[in-house]
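A.B. asks: Going down the list, the protein sequences come from chains U, B and E. Counted from 1, the first sequence has number 304 at position 305 by numbering that gives the first Met the number 0; the numbering is strictly sequential. Counted from 1, the second sequence has number 34 at position 35 by numbering that gives the first Met the number 0; the numbering is strictly sequential. Counted from 1, the third sequence has number 243 at position 244 by numbering that gives the first Met the number 0; the numbering is strictly sequential.
Please note that the accuracy of each hint is not assured.
What the hints assert, rightly or not - Non-contacting residues of chain U with respect to chain B, defined by C-beta distances greater than 10 Å in every case (computed): (1) PRO57; (2) MET67; (3) GLU95; (4) GLU112; (5) GLU202; (6) THR267; (7) ALA285.
Unchecked claim - What follows is a set of in silico ranges between Cβ atoms, one per label pair, in the way DEER data are often shown: (8) U:GLU38 x B:TRP126: 53 to 61 Å; (9) E:PRO98 x B:GLY302: 34 to 42 Å; (10) B:LEU174 x E:ARG238: 27 to 35 Å; (11) B:GLY31 x E:PHE90: 24 to 32 Å.
These are computed hints drawn from the structure, not numbers from a lab. Where a beta carbon is used, it is the ideal one built from N, C-alpha and C, also for glycine.
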Amino acid sequence: MLSVRDLTVSTGPDTAPTDIVSNVSFDVGKGEILGLVGESGCGKSLTSLAIMGLLPQPGPRIRAGHVMLAGTEVTRLQPWERVDAGQGRIAMIFQEPMTSLNPVRRIGDQIAEAVAVSEGISGAAAMARARELIELVRIPDAALQLSAYPHQLSGGMRQRVMIAIALACRPQILIADEPTTALDVTIQIQILGLLRDLCNRFEMSILFITHDMGVIAQLTDRVVVMYAGRIVETAAVDALFEHPGHHYTCALMDCMPARNLGARRLPTIPGQAPPPGSFAASCAFAPRCTAARHACRVSLPPRLRLSEEHETLCAFPLEVGSRK
Amino acid sequence: MFSYAVKRAGATAVTLLAASVIIFAFIHVIPGDPIYVLLGDTATPDQIEALRHQLGLDQPIVVQYVEWAGRALSGDLGRSIFFQAPVLSVIADGAETSTLLATMTMIWVALIGVPIGMVAAVRHGTWLDQGLSGAAMLMASVPTFWVGLYLILIFAARLGWLPSSGYPSIFDGGLGNLRYLILPSLTLAAPNAALILRLTRASMLDVSHEDYVRTARAKGIRPWQVVRRHILRNALLTVVSAFGFTFAALLSEAVVTETVFALPGIGRLVVQSILRRDYPVIQGVILVIVVLYLLINLFVDIGYRLLDPRVELQ
Amino acid sequence: MNLDGIALWMTPFKARPIALAGICVLLAVVLAAVFAPWLAPYDPYAIHPAIRLLPPHAGHWFGTDQFGRDTLSRAIYSARMALLIGSGVVFFALITGIPIGVFSALFPRLGHVLMRAVDVLMAFPSLLLALGLIVILGPSVANAIIAIGAGYMTTTTRIIYGLTLRLRAETYVEASRSMGAGTNWLVIRHILPNLVSPLLVQASFVFAFAQLGAASLDFLGLGAPPEIPSWGNMLAESRTFITRAPWLLFFPGSMIVFTAFSLNLVGDALRDRLDPRLRDVFRGEA
């Protein structure tokens with residue numbers, strides 16, 4: 000459904016660009032939920048914005064690579080260009096539901112606007128469809144909420160509205176950029192359940208971005224791990240948890256609260272992610288890696304295939320079965 | 000909302016009160032016996048006695064203030080030395096010119112400042128934007144009367160298209176007389192349009208970075224639709240309130256322009272009264288303008304809140 | 000003053016070459032003011048009826064006025080008035096604004112009262128306030144400085160008040176206070192140094208608008224006495240002759256524009272150099 004190849008997003012002058020996201024490649028199949036996990040600042044949001052064509056202008060831009068949606072090339076196309084050209088249907092929901100809706104327009108209008116774009120209808124017909132969508136995302140009192148303003152709704156409700164807006168174009172793939180990070184845990188469970196249901200019902204693919212390994216475990220089918228703008232591991236979710244190949248993935252899992260029940264302090268990964276551009280010809284994780292060797296610091300790590308469907312960007316990956 | 004309006008009105012009233020004390024003191028602070036300040040050097044002994052009695056100048060200053068304030072509230076702002084007529088009527092004579100001038104100026108400001116500011120914002124970062132912003136800053140650095148004199152030179156003296164001075168009332172000569180106000184209003188509009196331009200641009204840029212604008216773009220609607228439906232309304236909220244404040248400021252800015260174009264408005268009245276030492280008029284005009292200034296600011300402030308639906312439901 | 004500091008200050012100017020041009024113009028104005036007697040080709044006061052109202056030519060680059068005085072020389076000498084008024088207004092605004100603003104922020108109860116007083120002053124539109132003060136004080140250069148300065152004193156005070164409030168909320172100031180540091184110490188060590196950059200920005204804008212205000216007052220005949228060369232006075236005198244001698248309108252006016260524009264550019268560039276937290280007290284400024 001979605002195919003990203005060697006995507007590189009950079010800032011700075013054309014003559015001396017700084018890569019923030021480098022050579023990112025992954026696929027999302029039809030009806031599949033792919034998790035994109037990594038710590039804050041690793042470039043996951045930027046990747047998603049680049050895929051959607053929503054990079055702020057002026058700002059970082061796609062320097063190289065391709066984004067293919069349902070087989071057609073959509074790299075660097077802004078959403079309206081993509082819609083105009085009829086190239087695939089992709090939608091996105093964002094992290095901050097509190098500020099992602101226009102405060103001076105009613106909910107119904109905002110959903111109907113999205114409907115109008117994709118289906119070419121307007122007025123009462125668009126509003127009727129908006130109502131269907133509100134009911135689809137399980138917001139009670141649909142008719143009432145259509146004429147409500149965003150500030151009258153709670154965070155969880157606003158996120159559901161965002162999902163309704165996203166569904167308006169009947170997307171083949173939905174990008175969800177940390178949609179539950181700003182919400183209560185109880186609401187989080189509901190939203191995740193809703194997403195899973197929608198995925199099943201409509202065979203909609205989802206690219207789910209998060210920094211929470213627990214959510215990854217619950218929701219996703221396959222996982223892509225990102226560090227310092229690079230994909231360091233790709234695997235099916237079970238395989239990832241049972242035998243991770245990359246040391247960063249391993250460290251992430253060790254920090255999960257679920258794996259540290261009863262501990263007095265949660266472990267952390269010491270050190271900080273390196274700033275973009277400071278690790279061009281080496282492994283970005285080497286400074287913080289417990290198994291780093293000299294080769295890691297002086298050359299780009301290779302992309303090794305650990306098994307069918309399982310890859311990692313590491314010269315000395317963990318062996319299968321060698322989990323501590 | 001209502002309580003906010005009441006609070007703000009209260010604060011304005013207090014400020015007005017304090018300002019009125021200062022304005023009252025104006026006459027007493029000018030060097031010389033207040034009697035002569037008010038009547039002029041050519042006052043007869045009878046007039047002096049009458050005024051002394053009327054104003055109670057031998058009474059404590061606080062009483063004098065209260066009586067002055069009372070008279071002012073009922074419309075008696077004293078008597079012009081030069082015109083030998085009530086100050087309020089002298090001011091009222093100039094009101095038509097000044098009001099029309101201010102209105103025409105605001106129209107130019109809106110027509111020029113807002114659209115160009117929008118263009119600059121949409122073409123943010125390009126040469127066009129930098130050029131427009133630079134031009135705006137340049138316009139804001141130009142003395143208004145210089146613009147006025149140049150306009151007179153070009154359009155009145157050289158080309159003869161428009162008149163350069165005076166203003167016969169539209170009630171006397173019809174709407175065509177508005178052309179006397181074209182050059183003056185353009186003059187006044189220049190620096191204000193520049194400021195509104197920069198404000199519009201800044202406001203639109205701020206709003207365009209908001210999350211909900213990103214959501215709108217993600218829907219796939221065209222860029223100009225994003226601007227029209229999502230950016231404009233929120234950005235213009237700030238600009239519209241600036242309009243109100245600009246109008247209020249125009250009241251005093253018009254002083255120099257009216258002088259340059261010899262317009263029979265309140266601004267020129269102030270300058271002439273200063274030169275003629277017609278202190279009652281000066282005091283009266285300052286009072287009227289301050290009252291208008293405060294009232295306009297109050298209404299703009301409350302109006303701004305009214306327009307924001309987030310406040311409606313409190 | 001170390002070289003690093005200077006280099007840091009230069010960055011916004013390197014990014015925007017036009018701001019650099021602005022600094023050059025300002026330097027030229029300062030030089031003209033200081034070295035006027037040597038730079039001006041003629042005595043700005045000397046009257047030569049025989050050469051009245053001559054357009055710009057070899058002997059008189061800026062032409063002559065209705066009294067035969069050389070416009071270029073008068074324009075150069077006017078730079079002195081421009082600098083005098085500008086610095087006077089800035090000085091007045093700062094000397095009143097800093098104490099009132101800082102102490103209002105540090106002592107909330109006193110501050111409440113003082114800020115309300117400032118509000119009352121702000122109820123008077125600035126030009127009107129200036130005119131009123133001139134009426135009371137009488138027209139002169141010194142009074143023009145006070146009259147114009149009063150208008151900018153209010154905005155400057157407000158800005159300093161806002162800045163000090165923010166600085167006071169900084170943790171290190173709180174820490175200092177909790178360790179028992181006296182108010183004077185706080186002010187001198189923590190607050191004043193941090194006020195320097197924003198105040199430089201404010202000073203640039205005030206200096207710029209003071210030029211326009213002074214020109215207006217001079218034009219109305221209520222500022223500097225007419226025989227003293229100032230750009231505003233030159234424009235006032237040119238009024239009767241603008242059709243016959245448009246150069247009398249062009250040159251003094253251009254000087255004002257160049258000076259004010261350069262100051263605005265410099266202020267803008269300096270503002271970009273500011274800490275973003277302190278930057279939005281200037282929201283309302285040009």
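A.B. asks: None of the hints should be skipped; say for each whether it holds.
C.D. replies: Hint check results:
1. Residue placement check: PRO57 (chain U) does not keep its beta carbon more than 10 Å from all beta carbons of chain B (closest about 5 Å).
2. Interface exclusion of MET67 (chain U) from chain B stands, the closest Cβ pair being 18 Å apart, more than 10 Å.
3. Distance to chain B contradicts GLU95 (chain U) as a non-interface residue, since its nearest Cβ pair spans about 6 Å, not more than 10 Å.
4. Residue-level check failed: GLU112 (chain U) sits 6 Å from the nearest beta carbon of chain B, not beyond 10 Å.
5. The beta carbon of GLU202 (chain U) sits about 21 Å from the closest Cβ of chain B, which is more than 10 Å, so the claim that it is off the interface holds.
6. Non-interface status of THR267 (chain U) relative to chain B is upheld: no Cβ of that chain comes within 10 Å, the nearest being about 30 Å off.
7. With a least CB separation of 35 Å from chain B, ALA285 (chain U) remains clear of the 10 Å interface cut-off, as annotated.
8. In this structure the supplied range 53 to 61 Å is violated for GLU38 (chain U) paired with TRP126 (chain B), their Cβ-Cβ distance being about 40 Å.
9. Between PRO98 (chain E) and GLY302 (chain B), the C-beta spacing of about 36 Å keeps the proposed range 34 to 42 Å intact.
10. For the pair LEU174 (chain B) and ARG238 (chain E), the beta carbons lie near 30 Å from each other, so the given range of 27 to 35 Å is met.
11. Distance hint check: the CB atoms of GLY31 (chain B) and PHE90 (chain E) are about 30 Å apart, consistent with the given range 24 to 32 Å.
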